[in-house]
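Participant: Going down the list, the sequences are from chains Z and X.
Per numbering that gives the first Met the number 0, the first sequence starts with residue 0, numbered consecutively.
Per numbering that gives the first Met the number 0, the second sequence starts with residue 0, numbered consecutively.
Hints in this document: simulated from the structure, not taken from any laboratory.
None of the values given here were measured: they were computed from a predicted structure.
Be aware that one or more of the hints could be misleading.
Unchecked claim - To give an idea of the chain X side of the interface with chain Z (calculated C-beta under 7 Å), a few residues:
{"#": "1", "residue": "L44"}
{"#": "2", "residue": "G105"}
{"#": "3", "residue": "L122"}
What the hints assert, rightly or not - Negatives, chain Z to chain X, calculated, CB over 12 Å:
{"#": "4", "residue": "L33"}
{"#": "5", "residue": "R157"}
{"#": "6", "residue": "N179"}
{"#": "7", "residue": "L254"}
Glycine is no exception: its CB is placed at the ideal position from the N, C-alpha and C atoms.
Protein chains: 2
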Amino acid sequence: MAKKSGRYAFTFEKEIYVSGYGNIVGKKEGQGPLGNLFDRIEPDLYCGKKTMEQAEQYLQQTALENALHRAGMERESLDIFCAGDLLNQCISSAFGFRESDVPYIGLYGACSTMALSTLIAALNIEAGLAQKAAACTSSHFGTAERQYRFPLEYGGQRPPAAQHTATASGAVVLTTQKSNIRLHGGAFGSIQDLGVTDQNNMGGAMAPAALKLILDYLQETRTTPQDYDLILTGDLGAVGAAVVVELAQERGVNLHQNYQDCGLLLYDRQTQDMHAGGSGCGCSAAVLTAYVLPKLAQGTLKNVLFLSTGALLSPTSVLQGESIPSIAHLIHLKGEAR
Amino acid sequence: MAKKSGRYAFTFEKEIYVSGYGNIVGKKEGQGPLGNLFDRIEPDLYCGKKTMEQAEQYLQQTALENALHRAGMERESLDIFCAGDLLNQCISSAFGFRESDVPYIGLYGACSTMALSTLIAALNIEAGLAQKAAACTSSHFGTAERQYRFPLEYGGQRPPAAQHTATASGAVVLTTQKSNIRLHGGAFGSIQDLGVTDQNNMGGAMAPAALKLILDYLQETRTTPQDYDLILTGDLGAVGAAVVVELAQERGVNLHQNYQDCGLLLYDRQTQDMHAGGSGCGCSAAVLTAYVLPKLAQGTLKNVLFLSTGALLSPTSVLQGESIPSIAHLIHLKGEAR
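Just chain Z, with the same shape it has in the complex (with noise of 0.2 Å):
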């Protein structure tokens, strides 16, 4: 059985490790600071498909392959698939995914989806429901554009709290198999809301959950910053993470050195004009699966703690003047390459 140090932290009992993990990318991300490191760009927003939504789910399905294949499994072999995009109805994950026998839990965590849906993965092998379990989620900036916000055609501007919804997709294969990154623990996020009624300052809105959700697993815990090789939260970009930085100075804990967000490392915000930097369930899962992982396989990092955060509006919420309810989901992975 799991074990709870507090409200939010846990630790599994049994040993779950990433068997694999694989991810694909835009053009843009691939012309940024972790180009080299992806599994697969695509030069074309439409991925050769027919709609922008058929190409977002082919992200994961290439995803969920490139993970499966370092793996060495086939996706029939999974006994469990967690899922969940930033898509209504979260069409990307189950269109992606319907063609399998496959037991399936869809998940709807906005941003925080690749932490939120490596922890149900996880659950399931620890309660002893898989033995291989995979997570995978995916954004995509023309169908979030045209649903969040306005058809790419429109050439809408955007302020510089804004971010860009990254085209990207991740995937991880969960076993209890030894490899070199095991999967340590976690912690689900409760829903915060502090007001923050500006869709184009998501950043802003996500940093009290990812405040929250790190101080108190900090706390439960009873480990600093200094203790992780690397704190990652998801797509807080500029402005949020500066809050997360800030606000954890002022209760104490010093955020300064080992801090970093997913959203500042896929792009290069200057040379790419990228404002407030990346956001979209993919940016997370991009960097985690081709910047992290790769480093706690091969041993460069050993001890870290990733955070997807989660803005949980809606286009309508939004236009019926209510605040952004946002979330974070945290994932602590031990790098063990000797």
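The hints should help you fit chain X onto chain Z, whose structure is shown.
Facilitator: Just chain X now, kept in the frame of chain Z:
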């Protein structure tokens, strides 16, 4: 550790019980055959709120409060809360639960969410992450019609196979404290898609997923329909339920006697002009919490398979000519009243 009987069916090792259940429904549901069984009937689609989306959030909050009340618990004593709904980005759940410090797992299973959220809540208990876990879902006629079809003011005509989205919410609270209702086991289903493209025949689209999971569960547990008092699907309605019974018969499984569908129980189709019956996450949630669980508590039901079924379409996927993938999830309930 939970014990799997095959690819889908599992039983929990821990003794997991339903400690509380609650619900709330709208006017039409209150006028139906189960009207006197619900905790609360709201006469107005707005429930006194400014928007129907806020009304749906209120439905979830109230159903959960009713469930917690029966369990003799406060909301903040929960270790985990699992919820989802039909609205884009699942705002009924996220917004309904934003004022809380309880860890939150957001799910998307369309109308399969009542069984899905109950299983995920139970999984948290089984894995040792929770002692008190809650599951909740909702649907609302006004919010769903506007999102999936037309605004109510448009007065669109509905074909005979169409179902009526229930205005309803249901919630359960699970613990390991002995009660008369035990959650024995369950099964996460896989996504099925036989190519139905008519969004006004969601029962037909969902029938294959329900049928497959019923047949797999019976086979893996080596049981027959006659071993159960009731096999209840979520919201297949008249078309989908007939398909399930007929196709089961073709496979040598007789569902003529103790099979029912929540979509056919919730309304009087003739006098209430409900076409093929009820649908929506709230349909199976309300029938489970007002009809099934009380009978299990009283001892008039002893052994029940409850399947919620979800059509994983979106308005965008329909407009793009896609077929409708569907899923079912199953919970196996036992009444332990003497």
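Participant: Are any of the numbered hints broken by this structure? If so, which, sorted upward?
Facilitator: Structure breaks hint 1 only.
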